[in-house]
Amino acid sequence: MSEKPFSDIRMETFTQGLWKDNPVFVMMLGLCPTLAVTNSAMNALAMGLATTFVLICSGLLVSLLRNVIPKQVRIASYIIIIATFVTMADYGIKAISLDVYQALGAFIQLIVVNCIILGRAEAYASKETPGKAMINGAGMGFGFTIALLCLGVVREIMGSGTFFGLQVMPDRFQTWSIFVLPPGGFFVLAGWLVLFSWLQERKVRREAV
Amino acid sequence: MDVNSPTFIFLNAFLINNFVLAMFLGLCPFLGVSGKIKTAGNMGLAVTFVMLVSSVCAFGLNLLLTRYDLEFLRLISYIAVIASAVQLVEMAIKRFSPALFRALGIFLPLITTNCAILGLALFQTAREYNFVQSLAFALGAGAGFSLALVLMAGLREKLELADVPSVARGAALSLMIAGLLSLAFMGFAGLGG
Amino acid sequence: MNNGSASFHLVATLGGIAVFSGVLLALTYEVTKPMIARNESEALETAVLEVVPGAVERENYRLDEQGLRKLAKDSTEEANVYAGIDEQGERIGFAFSGEARGYADVIRILYGYDPVQKQVIGLQVLSSNETPGLGDKISKDADFQENFVALDASLTHEIVTVKHGEKTEPWQIDGISGATVSSKAVGQALRDSTHTWVPTLSAALEERK
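Chains as they are written, first to last, in the working numbering: chain A, 4 to 212; chain B, 1018 to 1210; chain C, 2 to 210.
Keep in mind the hints are simulated off the structure, nothing from the lab.
Some hints could be false.
What the hints assert, rightly or not - No farther apart than 25 Å at their CA atoms in a straight line, the calculated lysine to any residue pairs in the SDA-like style are these:
#1 K34/C - F1025/B
#2 K74/A - P1126/B
#3 K23/A - V1073/B
#4 K130/A - R1186/B
#5 K138/C - D1180/B
#6 K138/C - F1205/B
#7 K97/A - F1205/B
#8 K1111/B - S100/A
#9 K138/C - V76/A
#10 K23/A - A1188/B
#11 K138/C - K74/A
#12 K74/A - A19/C
#13 K206/A - K1111/B
#14 K1175/B - R1186/B
#15 K185/C - D1180/B
#16 K141/C - K130/A
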């Protein structure tokens, strides 16, 4: 079997996290922040970017140290590394925008127990080169951000009538508050999953014909 | 009822702002729980115990960190404490009830990454609860988590026999049930006056 | 490999990572501290100008047993009282902060106080995590805001929140129907804060005369 060109491998590593192995819709990981901070598109974006930052940096550091960290303490080491970058993201967001910081609240720090990051460190970054680890982390992070935005945009438009703070629904539109409340989070995610499942079934049926 | 009383804080975490259904903490074990009510109940007990231990340790740690102006080490130290607490609980369960240990299996070490525990510590710190309030909070959170888990397990058990459309099976169904449960729990708003 | 050097390796790696992370975090903290302080200061500035109608500038003060002391802009002492200055350079009101536990979390408010009329002249909710569509009306509801244009704070009677539509006295706050807990929390915050500051301020101002 011939070796794939390096650029192809890089592309695949990146896109893997966007669709095929999307952390939220396929792997069902990192659900706590997904439902908690997606009541507005802005919050969803901020959370997604912060998580991507942690994914890339921790992926890089774990990969750099992959031959140095002994097996027995690897989980503990990964957690310390991840917690460090999460704290940095926490202070970073606070320095950039107090409003976003207050909206996201404790969920920024909860990024550290987001199973996506630990999972990536264990399954990928600890076994691959720093470059690939960073690219994979970026792909997963973007996939996560896109998933968050899918939820955030729908919830904000239906529940507040706005899109990133800009009024998009006519004044007469009675907002469906349920969408920005906890049950709404569950329902919207379920809705997206049903949609993807239906699209998947349609594809399978077409191919079978 | 006074908003600062331990009783109200317990009720708040247990029902009104249920840890799982309103605060979205601890979703992974919640959605992945099997249809067995007994296992769910045991998981809830283990988590409650870890929460109590972590709450006390976090309270003490926070006092130390603020005294020496080391707040930026808070997250890391909390995680370390939680991981150790889980390790302790795991060893205790293994010793006193090997059957329970086998029943819980992989879920036990996974409690470390359960955002409910870390979330508990972080919220308790942010709201500046004193010692008694923190304990009430931990108890309420654990009870709320157990309640949500047991409810979900019970509903799952019933749904095994239902005729669900193929597009909605699996995770989507669990989420819809969770949404309905969350909606129902909103009825507790205003409890305690 | 003998056990001694193996355990040493474990501890050394963990220790090394911990030290590295500690250094990185201390650095982040130092770098972001001025930015965060500036953000908080700006947010406060805007809030003070809003709760003291007619003010164009903010001054920092420290109020304690020793009296009322004006603080320079770059003073290291923490201000606990703010004053609004109008275009003519006159001090037209003070601003105090207050907090109380609401439905979900702590609600922080900033309110303007006129020492001559002994009234609350404006109020802004600095931070709250109340239920969207219900409790968060305390920040947006125009009728609720009306309460704080001339609220009696002479302390002849305690400031108290009453049910929507039942306000009869100038020291009562007309609550928001459907958001009792949140409205009561605002009342509680005002009650506690005025109790703390109004007598002290009156005494300090008397001394100056």
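**OP:** List, from low to high, the hint numbers that the structure doesn't satisfy.
**Re:** 1, 3, 4, 5, 7, 8, 9, 11, 13, 15, 16
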